[in-house]
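Q: Sequence:
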Amino acid sequence: MSIHIGNLIKEHLESNGQSVTWFAKKINRSRSTCYDIFKSDNIDTILLRKICEILNYDFFKDLSDEIVQKLSEK
Numbered sequence: 001m002s003i004h005i006g007n008l009i010k011e012h013l014e015s016n017g018q019s020v021t022w023f024a025k026k027i028n029r030s031r032s033t034c035y036d037i038f039k040s041d042n043i044d045t046i047l048l049r050k051i052c053e054i055l056n057y058d059f060f061k062d063l064s065d066e067i068v069q070k071l072s073e074k
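So that you can map any letter, position 66 of the sequence shown is 66 in the working numbering, and since no number is skipped, the others follow by simple counting.
Worth double-checking, as some hints may not be accurate.
[Said to hold, decoys possible] DSBU-like, lysine-lysine: derived pairs with alpha carbons at most 30 Å apart: (1) Lys26 x Lys10; (2) Lys25 x Lys61; (3) Lys39 x Lys70; (4) Lys50 x Lys10; (5) Lys25 x Lys39; (6) Lys10 x Lys61; (7) Lys50 x Lys70; (8) Lys61 x Lys39; (9) Lys74 x Lys61; (10) Lys26 x Lys39; (11) Lys61 x Lys50; (12) Lys50 x Lys39; (13) Lys50 x Lys25; (14) Lys39 x Lys10; (15) Lys10 x Lys25; (16) Lys61 x Lys26; (17) Lys10 x Lys70; (18) Lys50 x Lys26.
Read the hints as simulated data drawn from the structure, not as lab findings.
Given only the sequences and the hints, what does the whole structure look like? Please build it.
A: Structural data, given as structure tokens:
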């Protein structure tokens with residue numbers, strides 16, 4: 001199992017009922033950049049921190065939980 005951070009962000013944005021335009025304004029990026037974020041499986045940590053605050057969700061925890069799971073499997 002590997003988390004695709006872009007998909008996760010998109011899912012949370014949609015579940016909150018927020019538009020891509022709203023999201024783009026909040027993170028100070030263009031809509032096309034937001035769509036690139038949704039396609040990406042990695043993201044800058046400073047940007048992810050801002051997204052966590054905007055969407056009121058701790059994406060870092062999901063990533064950390066995945067690491068812990070992989071380490072416990074070794």
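Q: Determine for every hint whether it applies to the structure shown.
A: A quick look at each hint next to the structure:
Proximity of Lys26 to Lys10 is assessed by CA-CA distance (about 14 Å); at most 30 Å being required, the pair is judged to hold. Distance restraint check for Lys25 and Lys61: the Cα-Cα separation of roughly 25 Å lies within the 30 Å cut-off, and the hinted pair is therefore satisfied. Distance check on the hinted pair: Lys39 and Lys70 sit about 24 Å apart at the alpha-carbon level, within 30 Å; holds. For the hint pairing Lys50 with Lys10, the CA-to-CA distance comes to about 15 Å; that is within 30 Å, so the pair holds.
With a C-alpha separation of about 19 Å, the suggested pair Lys25 and Lys39 falls inside the 30 Å cut-off, and the hint holds. A hinted pair counts as satisfied when its Cα atoms are at most 30 Å apart, and Lys10 with Lys61 qualifies at roughly 17 Å. Restraint check: the Cα-Cα separation between Lys50 and Lys70 comes to about 26 Å, which is no more than 30 Å; the hinted pair holds. Note on Lys61 and Lys39: the hinted pairing holds, with a Cα-Cα distance of about 20 Å set against a maximum of 30 Å.
Among the hinted pairs, Lys74 with Lys61 is consistent with the structure: their alpha-carbon atoms are about 20 Å apart, no more than 30 Å. Simply put, Lys26 and Lys39 have alpha-carbon atoms about 19 Å apart, close enough for the 30 Å limit, and the pair holds. Proximity of Lys61 to Lys50 is assessed by CA-CA distance (about 14 Å); at most 30 Å being required, the pair is judged to hold. With a CA separation close to 18 Å, the supplied pair Lys50 and Lys39 stays within the 30 Å bound.
Between Lys50 and Lys25 the alpha-carbon distance is near 12 Å, which keeps this suggested pair within the 30 Å criterion. As the CA atoms of Lys39 and Lys10 are separated by approximately 9 Å, the hinted pair is consistent with the 30 Å bound. Under the criterion of a C-alpha separation no larger than 30 Å, the hint pairing Lys10 with Lys25 is consistent with the structure, at around 15 Å. Distance hint between Lys61 and Lys26 is fulfilled; the C-alpha atoms sit about 22 Å from each other, no more than 30 Å.
For the suggested pair Lys10 and Lys70, the alpha carbons sit about 24 Å apart, so the restraint of at most 30 Å is met. Between the alpha carbons of Lys50 and Lys26 the distance comes to roughly 9 Å, so the proposed pair stays at or under 30 Å and holds.
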